[in-house]
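Chemist: Sequence:
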Amino acid sequence: MAQTLEPAETAIDRVLSGVDARLLRQHRVDLRAGEPVAIPDGAVALVYVICGSLRAESSGRAAVSEHGIPGSLEVGDALLFTDPRAVLLHAAEDAFVLVSSLELPATDDGILGLLPASLYVRDLPGSDPAVAALAAQLGPKLGSDDDLCADQPGSSVVCRMMANTVLVSVIRAWAIRGCAPAGWPSRTGDPFLDRVVEAVHADPGREWSLEDLARTGAMSRSVFAERFRGALGISPASYVAEVRIRSAQDLLAQGRGVSEVSRAIGYGSDEGFSRAFRRRTGLTPSAWRSDALLRASRV
Numbered sequence: 001m002a003q004t005l006e007p008a009e010t011a012i013d014r015v016l017s018g019v020d021a022r023l024l025r026q027h028r029v030d031l032r033a034g035e036p037v038a039i040p041d042g043a044v045a046l047v048y049v050i051c052g053s054l055r056a057e058s059s060g061r062a063a064v065s066e067h068g069i070p071g072s073l074e075v076g077d078a079l080l081f082t083d084p085r086a087v088l089l090h091a092a093e094d095a096f097v098l099v100s101s102l103e104l105p106a107t108d109d110g111i112l113g114l115l116p117a118s119l120y121v122r123d124l125p126g127s128d129p130a131v132a133a134l135a136a137q138l139g140p141k142l143g144s145d146d147d148l149c150a151d152q153p154g155s156s157v158v159c160r161m162m163a164n165t166v167l168v169s170v171i172r173a174w175a176i177r178g179c180a181p182a183g184w185p186s187r188t189g190d191p192f193l194d195r196v197v198e199a200v201h202a203d204p205g206r207e208w209s210l211e212d213l214a215r216t217g218a219m220s221r222s223v224f225a226e227r228f229r230g231a232l233g234i235s236p237a238s239y240v241a242e243v244r245i246r247s248a249q250d251l252l253a254q255g256r257g258v259s260e261v262s263r264a265i266g267y268g269s270d271e272g273f274s275r276a277f278r279r280r281t282g283l284t285p286s287a288w289r290s291d292a293l294l295r296a297s298r299v
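For the sequence shown, my numbering gives the first residue as 1, with consecutive numbering after it.
If you're looking for bench data, these hints aren't it; they were derived computationally from the structure.
Heads up, the beta-carbon is just placed ideally off N, CA and C, and yes, glycines get one too.
There are no misleading hints in this set.
Beta-carbon label-pair distances, calculated as ranges:
hint	residue 1	residue 2	range
1	S155	A237	43 to 53 Å
2	S17	S259	18 to 28 Å
3	S17	E207	17 to 27 Å
4	A264	G34	53 to 63 Å
5	S209	A231	11 to 21 Å
6	P140	R221	51 to 61 Å
7	S155	E211	48 to 58 Å
8	G233	G34	33 to 43 Å
9	G282	G230	26 to 36 Å
10	E74	L210	42 to 52 Å
11	A264	S238	13 to 23 Å
12	P129	A264	33 to 43 Å
Start from the sequences, fold in the hints, and give me the full structure.
Modeler: This is the structure in structure tokens:
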């Protein structure tokens, strides 16, 4: 009997599989030339151009190009804002756009910490036509009362899952096109370094020495350290530490105890784990767990 083998899970698969945003609001809006796109404060916002085009302007001193965004957004382009104040959008001509307001729970703070204030994906239909078609149909038209998510039992769950599908697709397209910042667990373009990244994400609790990492990548320690920093922008030790903390966040959000999590991710003592966790997140593990569980209960 033939077996169907699924592709091996990659580091980026593991990160994206944890994305579970709460859908706050979602609608499609008609814009006249010159009208602004209303981006709500205090939420992650996704904008997808269904028809027409938009003009992007910086809200500060930095040019929009410094945010990695072109001056004009065309049909099929998507923008994700983790800081809605970074860029201002106006309709360059009559346009029809999707605007989704999302809240990423505490378990996704690792992703938010790696994303810029705004990220741009050109021609989403070119990389993921099915998801682009879905995005063009999400949400009621602004001013309409036919809100699917409010009128039918179970629709809020369906709408949240569809919005998350679009969100994950946009982040994935942005990452695999080489736009990801240092530390993002995507392909490095170097198969030997990719092997190391995958190994660290698969077993963050292992006591990874520089020698172990270099051996996994089939390099000497000095060559490996130089190539790793050149590709990812941080040292191997710092990368391992970041992966451990993100893994700890996931486990704590599941309600695991601090001591259990500390052992699972390779720390020899709860005190050392707590210091490292607080240094990177600003909270103690127990406080972070309480906040994560509270926010999850509201989703």
